[in-house]
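Peer 1: Residues per chain are reported as follows:
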Amino acid sequence: MPVGIVGYGAYIPRYRIKVEEIASVWGNDGERIKRGLLVKEKSVHAIDEDTATISVECARNAVDHSGINPEEIGAIYVGSESHPYIVKPTATIVAAAIEATPELTAADYEFACKAGTAAIQTVMGLVESKRIRYGMAIGADTSQGKPGDALEYTASAGGAAFIIGDEDLIAEIHDTYSYTTDTPDFWRREGQEFPSHGSRFTGAPAYFKHVVSAAKGIMERNDMKPEDFKYVVFHQPNGKYPLNAAKTLGFRKEQLKTGLLTPWIGNTYSGATLLGLCAILDEANSGDKILVSSYGSGAGSDAFIIEVTEENEKRRNKKPVSDYIKKKEYINYSIYSKFKGKIKGVGLER
Amino acid sequence: MNENRVAIIGIGMTKFGELWDYSYRDLITEAGIKAITDAGIEGEDIQELYVGSMSPGLFAGQEHIGALVADYSGLSGIPATRVEAACASGGLALRQAFLSIKSGRNDIVVAGGVEKMTDVPTGAAMMALMGAGDEQWEAFQGITFPALYALMARRHMKEYGTTLEQISEVSVKNHYNAQFNEYAQFRFEVSLEEVMDSPPVAEPLRLLHCSPITDGSAVVILASEKKARELKDEPIWISASALATDSLALHDRKSLSRMDSVILAAKKAYKQAGIEIKDIDFLEVHDCFSIAEILAIEGLGFCKLGEGGILTEEGQTKIDGDIPVNPSGGLKGKGHPVGTTGISQVVEATLQLRGEAGKRQVKDAEIGLIQNVGGSGATCVIHILSRG
Amino acid sequence: MVKGLASYWRLIPQRYNLIGTRCKNCGEKFFPPRKLCPKCRRAGEIEKFKFSGNGEIYSYTIIHTAPEGFEFQRPYVMAIIKLDEGPWVTSQIVDCKPEDVEIGKKVRMVFRKIIAGGKEGTIRYGYKFKLVD
Numbered sequence: 027m028p029v030g031i032v033g034y035g036a037y038i039p040r041y042r043i044k045v046e047e048i049a050s051v052w053g054n055d056g057e058r059i060k061r062g063l064l065v066k067e068k069s070v071h072a073i074d075e076d077t078a079t080i081s082v083e084c085a086r087n088a089v090d091h092s093g094i095n096p097e098e099i100g101a102i103y104v105g106s107e108s109h110p111y112i113v114k115p116t117a118t119i120v121a122a123a124i125e126a127t128p129e130l131t132a133a134d135y136e137f138a139c140k141a142g143t144a145a146i147q148t149v150m151g152l153v154e155s156k157r158i159r160y161g162m163a164i165g166a167d168t169s170q171g172k173p174g175d176a177l178e179y180t181a182s183a184g185g186a187a188f189i190i191g192d193e194d195l196i197a198e199i200h201d202t203y204s205y206t207t208d209t210p211d212f213w214r215r216e217g218q219e220f221p222s223h224g225s226r227f228t229g230a231p232a233y234f235k236h237v238v239s240a241a242k243g244i245m246e247r248n249d250m251k252p253e254d255f256k257y258v259v260f261h262q263p264n265g266k267y268p269l270n271a272a273k274t275l276g277f278r279k280e281q282l283k284t285g286l287l288t289p290w291i292g293n294t295y296s297g298a299t300l301l302g303l304c305a306i307l308d309e310a311n312s313g314d315k316i317l318v319s320s321y322g323s324g325a326g327s328d329a330f331i332i333e334v335t336e337e338n339e340k341r342r343n344k345k346p347v348s349d350y351i352k353k354k355e356y357i358n359y360s361i362y363s364k365f366k367g368k369i370k371g372v373g374l375e376r
Numbered sequence: 441m442n443e444n445r446v447a448i449i450g451i452g453m454t455k456f457g458e459l460w461d462y463s464y465r466d467l468i469t470e471a472g473i474k475a476i477t478d479a480g481i482e483g484e485d486i487q488e489l490y491v492g493s494m495s496p497g498l499f500a501g502q503e504h505i506g507a508l509v510a511d512y513s514g515l516s517g518i519p520a521t522r523v524e525a526a527c528a529s530g531g532l533a534l535r536q537a538f539l540s541i542k543s544g545r546n547d548i549v550v551a552g553g554v555e556k557m558t559d560v561p562t563g564a565a566m567m568a569l570m571g572a573g574d575e576q577w578e579a580f581q582g583i584t585f586p587a588l589y590a591l592m593a594r595r596h597m598k599e600y601g602t603t604l605e606q607i608s609e610v611s612v613k614n615h616y617n618a619q620f621n622e623y624a625q626f627r628f629e630v631s632l633e634e635v636m637d638s639p640p641v642a643e644p645l646r647l648l649h650c651s652p653i654t655d656g657s658a659v660v661i662l663a664s665e666k667k668a669r670e671l672k673d674e675p676i677w678i679s680a681s682a683l684a685t686d687s688l689a690l691h692d693r694k695s696l697s698r699m700d701s702v703i704l705a706a707k708k709a710y711k712q713a714g715i716e717i718k719d720i721d722f723l724e725v726h727d728c729f730s731i732a733e734i735l736a737i738e739g740l741g742f743c744k745l746g747e748g749g750i751l752t753e754e755g756q757t758k759i760d761g762d763i764p765v766n767p768s769g770g771l772k773g774k775g776h777p778v779g780t781t782g783i784s785q786v787v788e789a790t791l792q793l794r795g796e797a798g799k800r801q802v803k804d805a806e807i808g809l810i811q812n813v814g815g816s817g818a819t820c821v822i823h824i825l826s827r828g
Numbered sequence: 010m011v012k013g014l015a016s017y018w019r020l021i022p023q024r025y026n027l028i029g030t031r032c033k034n035c036g037e038k039f040f041p042p043r044k045l046c047p048k049c050r051r052a053g054e055i056e057k058f059k060f061s062g063n064g065e066i067y068s069y070t071i072i073h074t075a076p077e078g079f080e081f082q083r084p085y086v087m088a089i090i091k092l093d094e095g096p097w098v099t100s101q102i103v104d105c106k107p108e109d110v111e112i113g114k115k116v117r118m119v120f121r122k123i124i125a126g127g128k129e130g131t132i133r134y135g136y137k138f139k140l141v142d
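Chains as they are written, first to last, in our numbering: chain A, 27 to 376; chain B, 441 to 828; chain C, 10 to 142.
It should be emphasised that the hints constitute simulated quantities derived from the structure, not laboratory data. Computed from a predicted model, the values in this text were never measured in an experiment. Note that the Cβ used here is the ideal one computed from N, Cα and C, for glycine as well. Do not rely on the hints blindly, as some may be mistaken.
What the hints assert, rightly or not - Listed next, the in silico DSSO-like pairs over lysine-lysine satisfying Cα-Cα at most 27 angstroms (straight line): (1) A/Lys344 to C/Lys91; (2) B/Lys694 to C/Lys114; (3) C/Lys59 to A/Lys344; (4) A/Lys44 to A/Lys370; (5) A/Lys364 to A/Lys340; (6) A/Lys172 to A/Lys235; (7) C/Lys106 to A/Lys352; (8) A/Lys344 to C/Lys114; (9) A/Lys352 to A/Lys242; (10) C/Lys91 to A/Lys44.
Stated by the list, open to error - DEER-style ranges, computed between Cβ atoms: (11) C/Glu129 to A/Ser222: 35 to 43 angstroms; (12) B/Lys711 to C/Lys128: 52 to 60 angstroms; (13) C/Lys139 to B/Gly514: 58 to 66 angstroms; (14) B/Gly501 to C/Glu129: 45 to 53 angstroms; (15) C/Arg83 to A/Gly93: 37 to 45 angstroms; (16) C/Lys115 to A/Leu64: 51 to 59 angstroms; (17) A/Gly93 to C/Glu54: 49 to 57 angstroms.
Build out the structure end to end from the sequences listed, making use of the hints.
Peer 2: Below, the structure is given as structure tokens:
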């Protein structure tokens, strides 16, 4: 029996900060940065939001979209690099919030920005082996950008949840292929507030090597070419990298367009590839094929070949990604710092 | 109702304010000594004491108040009970003392109130005060007491057209009255503009709509009719003591624009005293926030529901008005040491009835009503006092 | 700060999912939940009832003087919300400008952080509401 997507849900917080607003604080040329990164603004979570609240919102949306009884979810995995606790899983908070407890397994994942797609692969295995009926995979983040660093322009907040099963699928996952190596391009040590990265090293030997290899690998194994796909979505740390990856592989801009959200919401890290996939599913029709290649620093890429079913046209998501992108309120750097806990002594605690 | 009347034979209170040099024990001792002296009795004559205090545990880590007060009053050995109904603790203490004598059990009983709020920072004091509300479903959510009353004010304004000006007039009047009260925390006038322009606390309520954080104590001595006539030529009588409760949380009430606990207690009180509203010469009510005074005069029946703002605006509640309300300056002008307030209302009412209220004297004061509220209206205690 | 660990945990179904109660005898619904129907008392029969999370604003205020821990959200909106099923609930309204709030506007429940117990304590999550547009 084919395994695939039963339902999905997205969540992007309301607040946005513009690239030029951040640039003005550090004496950088905002317009130049916008052009260089192909990013206009990024999403910012409110002071009372975190990866758990974002995960709950997209999980609830996914349950609503799928129409299933949450008690039938046999596994929940939440992938993030900004879990609220270092020890105490986000997945159990989600499980309680969607009333899936107590008969399920759960855990949190970390693999930089690909923790969410790794979660999808895990629940696929559990469904295909008939150990569970439905599994939920979530990728969500409220990534911290180091002040003044290049990544501060793009590190944003958001998430997506996918319910995987083998009945009433809106899309079938035909195959998944991963390309994994030990590549130290971007990391954060225990106790450190902000991640570090290898600057130019994060390009060719890291992002591009893995994203392209995984995409090539899955196409070869399935005897497919870029023209066979209606849509392609890559991990998107900025608006430029995915365009270059697409060019290298032979995909056209039109195939990439729908799933490329970073220019409007920044890089939602573990949520990025998944949110791009949600945007595609929001409009894709029966028979459309989608190539997904995520990327997580450290490093690895998970690729998927997905084919949309008739069910997707009958069951359009009532909370499409475009709604979340449209609903926004701009904030300045001071409020941004307050919300993201960058100011000493500021927090939601007593 | 048995005819064993209960009288007030002695009163005493400390100044109200931020009393850095006074401890909790200092406060109750000073007020107690004043009251005993005023009563003309000896300590040994006291048979029982009741103390109202809301949060000495949260403010100072101190519980077991009954024993503490008896001890520091030099009265160890007598039955001593601490009662608590948030900001109505004082009224509750009075009621318990009243019942103790009415039952025929005792002849001389003390009712005191004491609160020391400034030993903790303001934020901690505000958190302690939220114990007067629903800890699980109100305090947990991040609401404050000014906010609870603001929710009521907004409904009152929506349902009856009450204006912020009318609500603010309550504060103007009470500040004016407090000038003439030597115990008051604030003895300065404020203008309507100053009230309306004061910093917002919980909109629509502003700083000058809110009673302050205060230290203070008040004590009264109650006596049976027999004893009272021995000691005093003109004792002041308590002709009614009524208590009513309502849901703890504001969201569990039937209406946000009236206080059912007040309406209920008032009915009982008028019946007990055998009087009508028109017989009452003045009121001391619980204006923890200015809107509360409007809710009080409506709930007590001095005007129709929704017309409290108009009554205030017309000046009817001024000292020389038709129905003087809070000649003492109320909680706004006098201060609000929470557990003490109910007893301080007795002190004021007694001074008024004795004709000893000086520049804030209500003319021909024969009957007075005091109203003490706990939390956002979950408890209301009403007493009616009279001469003769 | 470990104060209130068990009391918070006991109320997770309420705080996360608005699980209230209903009296089978008189039909009255309760949120927050009651184990004793105030109308029927011992004659009542209590069962679980889940609220939809939809409601409208019955009254609101904008808080400027906040209790400890909530200062950095100022000014924030606190409201009494009339849930569609009847009961009123006290909660914060988020994701809007304070001036957008009006009595009568429709709201729906969202899942947010309420407060954390200092830097080492647990994070308390719960319901808040946002305007429906």
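Peer 1: Does each hint fit the structure? Answer for all of them.
Peer 2: Taking the hints in turn, this is what the structure says about them:
no. : hint                                     : result
1   : A/Lys344 to C/Lys91                      : holds, 25 angstroms
2   : B/Lys694 to C/Lys114                     : holds, 20 angstroms
3   : C/Lys59 to A/Lys344                      : holds, 22 angstroms
4   : A/Lys44 to A/Lys370                      : holds, 23 angstroms
5   : A/Lys364 to A/Lys340                     : violated, 43 angstroms
6   : A/Lys172 to A/Lys235                     : holds, 25 angstroms
7   : C/Lys106 to A/Lys352                     : holds, 17 angstroms
8   : A/Lys344 to C/Lys114                     : holds, 21 angstroms
9   : A/Lys352 to A/Lys242                     : violated, 34 angstroms
10  : C/Lys91 to A/Lys44                       : violated, 37 angstroms
11  : C/Glu129 to A/Ser222: 35 to 43 angstroms : violated, 26 angstroms
12  : B/Lys711 to C/Lys128: 52 to 60 angstroms : holds, 57 angstroms
13  : C/Lys139 to B/Gly514: 58 to 66 angstroms : holds, 60 angstroms
14  : B/Gly501 to C/Glu129: 45 to 53 angstroms : violated, 23 angstroms
15  : C/Arg83 to A/Gly93: 37 to 45 angstroms   : holds, 41 angstroms
16  : C/Lys115 to A/Leu64: 51 to 59 angstroms  : violated, 38 angstroms
17  : A/Gly93 to C/Glu54: 49 to 57 angstroms   : violated, 32 angstroms
Checked against the numbered hints above, the structure violates hints 5, 9, 10, 11, 14, 16 and 17; every other hint is satisfied.
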